[in-house]
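Novice: Sequence:
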Amino acid sequence: MERDFQNDLNGILEHLSVNSPVPEAEKSTFVNLCKLSFDETLRYYANIPEAKKALHTVLFRFLTQQKEKNNFSVSRYKRTFEPSEYFELEDYFGLFKHTIHSLYRLSPERGSEVCQELLSDLIPSQHQLLPAYLRICFSISNEKFQTQALDFFIGKCRNIPDDSILSDVLSILHRQLRMLITKTTVTCDNTENICDSERAKTLAVVTSAVVQTDTLKPSCQKPYSVEKLARETLSEIEKHMKKMMASSYKIDNVCLKRKSIFSGNNIIKKRVHSTETLDETSILDSWNNISHNTTLTKSAKHKYAFISICRHIKDHREPRPPLLYRENITSTVSNDDRDDGVRPIKEVCEMLIRDLSLNTTHDSLDRTLLYTKIWCLGVLRDESGGWRSVLKVMIQFCDLWINEMTNNSALDTFAVLISDELVKDLYKQVKRLVNIFEHYGEGPIQLESLKKMCLLLQKSFRSIPCIQDLLVFRDYVLRTEKSKGFIEDPTYSRLDIWTSNFEAELMKATNQIVIVQENEVDNDLVGTTSLDKNVPKELVHNLASLSIIWPYSVLQELVLLCFQNRNMYLAIVPLLRSLGSLCSFRKNSGVETMLGSVLKDILHSNSSAWTKYDAKNITTFITSCCQDPFNPETPPLLLACRPTEVLPGILLNAREYLESHILDSLDCFSNDRVHKDKNVEVSSFRLSLQILNELSTSKAVQRIDWIEATKAIFQSKTINIENIAILQAKPFEFLRSFCLVMDMRNTFQMLPEWIRVQEVEAALKYFKRLASIITQTIGWLSQKHQSTHINFHGTADAFIESLKNDTREFLKTICTYDWKTQLQLYDLHLAAVNLFEKKQDFSINVPGSIYSITGSLNGRLFLDKSADVDTSLDDKLQGWNSVIGAAKLSDVFSDLLFEGQNKDYWINNMALPQNYPFEFGAFIEGLYQNLYPTLSLSVHDEYERLLVHFIGRLFESFDLQILRDNLSKEPEQILYIKQLTTQELKDFYRVMLGARLINYKSFLSAELLHKREDELYYVSGIIRSIQTIKDWTDLRSSRLKIYAKRTLSDKLIHEILGDKALLEENLENRHDVHRITAPETCSEITLEQTSIESSEQDGYVCDIYYPFWDKKQHSARALSILTLMMLCKSSALCNTVEAQEVIRVLILQIVDGLRETETKQEFNRLVSGQARSRVEKWRKHKKFKKRIVLRPILNPGEEELISSCVSCLTNSNQANGILKALEITDKPQTSKSRKEQAFYLRL
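Residue 1188 in this note's numbering sits at position 1128 of the sequence shown, with consecutive numbering throughout.
For the record, the hints were derived by calculation from the structure and aren't laboratory data. Hints may contain errors.
What the hints assert, rightly or not - Dumping the calculated DSS-like pairs for lysine-lysine here, alpha-carbon to alpha-carbon at most 25 Å:
1) Lys452 / Lys363
2) Lys113 / Lys95
3) Lys759 / Lys828
4) Lys568 / Lys544
Note that the coordinates shown come from a computational prediction; the quantities given were computed from them, not determined experimentally.
Take these sequences, add in the hints, and give me the full structure.
Specialist: This is the structure in structure tokens:
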């Protein structure tokens, strides 16, 4: 913490040194910057006491050591730290008590020097330092140094404005004088002593300066009685105190005549008497006498011990100020000003004294105990000297006091007293008595007494006002209780001694938590600390108090609430962060945290109760607990954290959860142990997959690029690789488990019947992410092996060696997996081989069904001789199945297929017809066999890999002109196909194959369709792949997108139309323009004359359509229209409404792209803003002129074509909505009115 505050201070000083403000504002600027910066750091540490202490340490060190040239822990800047600035920051952050403690820790001589520096420019806020400085002065042993220090005090002590500070100073002088009088009276026998005389003179001079009188200054010419001088000084102090109180509190003259117990001869006589009769027997000797008395019972010895301690306190307690003074200042124990119904301590003590006085007993011990209790209550009532010690003894012997303390009228009052720094003592005493009860039963202590003590304890810690103090006490109880006991047990391992109904109070507290609805959640706030500000403090205080009684139960109830209610985690996760270290508490470094234990008991026990909860609720809660609220962009599995460390704001260590919870579920599945409780194991496996994928994503980023995110980690100069969560959590064991899952998936028949495509998709997604980061880690190891000069951020050698060993072992076993699984791990396998064997390539054993078609692919594939080789090429369907089945697994395989001569080899082996790819039979069947869920558990990523990457590479192998001429035989499509650029033609080929796949499904028998959800997943995968091809909602070319980033204006339009090629494209490609040829006599024959019309005022008008198009946008529109036609036909052939709805989403995106709504709205704003004078001037112009008009969405030919396609949709409402959106059935305005709504270019 000190380092953070020191960095803040250094930054402020450096800022001021670079950006020097004017001298008059420099001080305020420095102080304001300190307040802002330190406030932010304190909020980061939740304003805990340790943070304030660290802040004080930095400021105090800077103030006191800034002149030490050899001290490197102090900021070294030209600007110094002024005492007035220090005091202003001290007042602002409440650091005065830390300043006093730091001064007392210094030597008296050094402390006085620091105080003199602080008091050099005395301001009102610095007066509070005077009492501490005076105490330090009296601690100095060197008389000369002490005299100098006191002289400085005398110069600063006049006109003290605060009565409380003046009272403290007088009390210190009062105590010094009493000590001097006692020493003179008892040991010196009233004889003159030179040293004491000088000390008495010094005290008199200081006192006279404080009370502003010259009557006490002794003459240096004549000897002066020490005792007489001290008494006169003491009398003057009391006189001044009475005068001060009379003016402040308007005390009646009668009250002023009351005689103080500390005045004049009374104090001398009392001290002499006390000294003469003082029992010098130590408290230890008294206890030894009691404990060795065999005639006393244990109970009697216990009472005698209490009585002896009270007598010792009575004899040795420090005196307090006069009663009159105590009655008229703010009491440290009084609670008169409380408005919560708690009775004042004086009133309570008087009530208890009356009750005890009525008791009669003949037993001498009980009578002595009774008198001692009355004396203790009197000390508390009057706040006499040693009242804190008396209260502490009462707590230590709370079994003797429990009936008085838990009296209905006294319980709350004593709870408030105990809550101030004594609650730990009460906790320890109750714990001791509980242990006695557990060992001896109800002999020494009764159960009812224990219940009363626990009630007093509960009231006491509930009375702690500061939540941070309450959490500190809770953590102390946790460490004490759970060091030997079980983490699941309540405090004291018993719930029956807590008199309150714990379950009812917990339910009442949790009912105050408000469920956040999904539509009320601000996505910008999810995963950040801003939600924590909305946590009610009263609710946090209640739950923190309950967590002292039974922390495990409180945490378990909050977790169950998240599991049972949707979006409840949005309220409870910030609440758990506000509860301090409750979630992260652990007995020792070798066991799980409390939150980990709760999750294991709920989710991974033999009970199946948790399976009824929504898996999404469980997943979102666990992910939010693992997320760093200060770094929401980074997925939890990529956070850097030491193995047993829980960073601030993170409730659950992702590495621990993976190892302790997730790995067991995966091992259970992969090792085929799903037989004990099938439902629980299956649900646990599915949940584990969801959690893994959520932990590898970011809430702040909708779609994270995993590869780029992991690359950033290895390029970072601050992140220690060995602390990354996913690399700590046994990555190779996870990889082996997923390899077994992939093996069973690739051999479709071995999968359990309960495995669905959703499980395979989740498993494959995390499998790819895990393999990716392991591959990069191996590459990182290879880089370290080759370059000794690279800085690896302090990564431990043990971690590096462990990674190497794990990689070496995995390299030995990778060949045991199915060849398709090896193909999925191609990059990882290659990186591992390069690390150890320095090879640039390796071979994968493949069966003959694939090897006979592809060959070795330049040595990348090797024939598995253990399998039968089928060299028959008659079955083209089997050949396509083999090639497509491998291509969907890896882009690397697709690239190898089309690399150099490999392409010709395998295509020739397939014996494709000359007019391929226009004969789709075997190829479409092969795609279908590898994609439809009933036939193959392919996931959406593999749909995209086949329909986008593989089909794209296949397209590049064709003759483009032949492909363009023969891709469609339908006349209405041929016109648009000719407009397509090469890229759009490739995209259309992908779209066409996707539509054919949807149509192909519709002709299959009902037996093959099986489930409705299979069709939905199948169609969704195809549509998703088509959506990834391009942005269907924005058809503009890259050139026009650059213009779109600027605000549309007259200047921008002229700049765009300055491009003659672009202007020509828009003029020549208009469709719905009323053409009127200019007269042959027109002398202005220009480019614009290709489309001009005669105006009503005998001018020549050229209409230019907006939005502007170029050839690429014409191509993109043609692709959108072709895609829209195919999707409408495919939608009509789908068997389920859900599948039609998926297609409708893409259709609406295409319609949105054709409409260009935003572009046209911007044009309308420009038109409405042009000046009327501009329009009139343009209309009166007799020569050639131009204007910009809105382009219709579709031309008549396109409208007719799309109308016929949309009519195929089974839902007439949807069809009408599309036609209306494209302005086919409901045209907003005529062609003439369109031209009237135009932007007139300047002449």
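Novice: To test your reading of the hints: which numbers does this structure violate?
Specialist: 4
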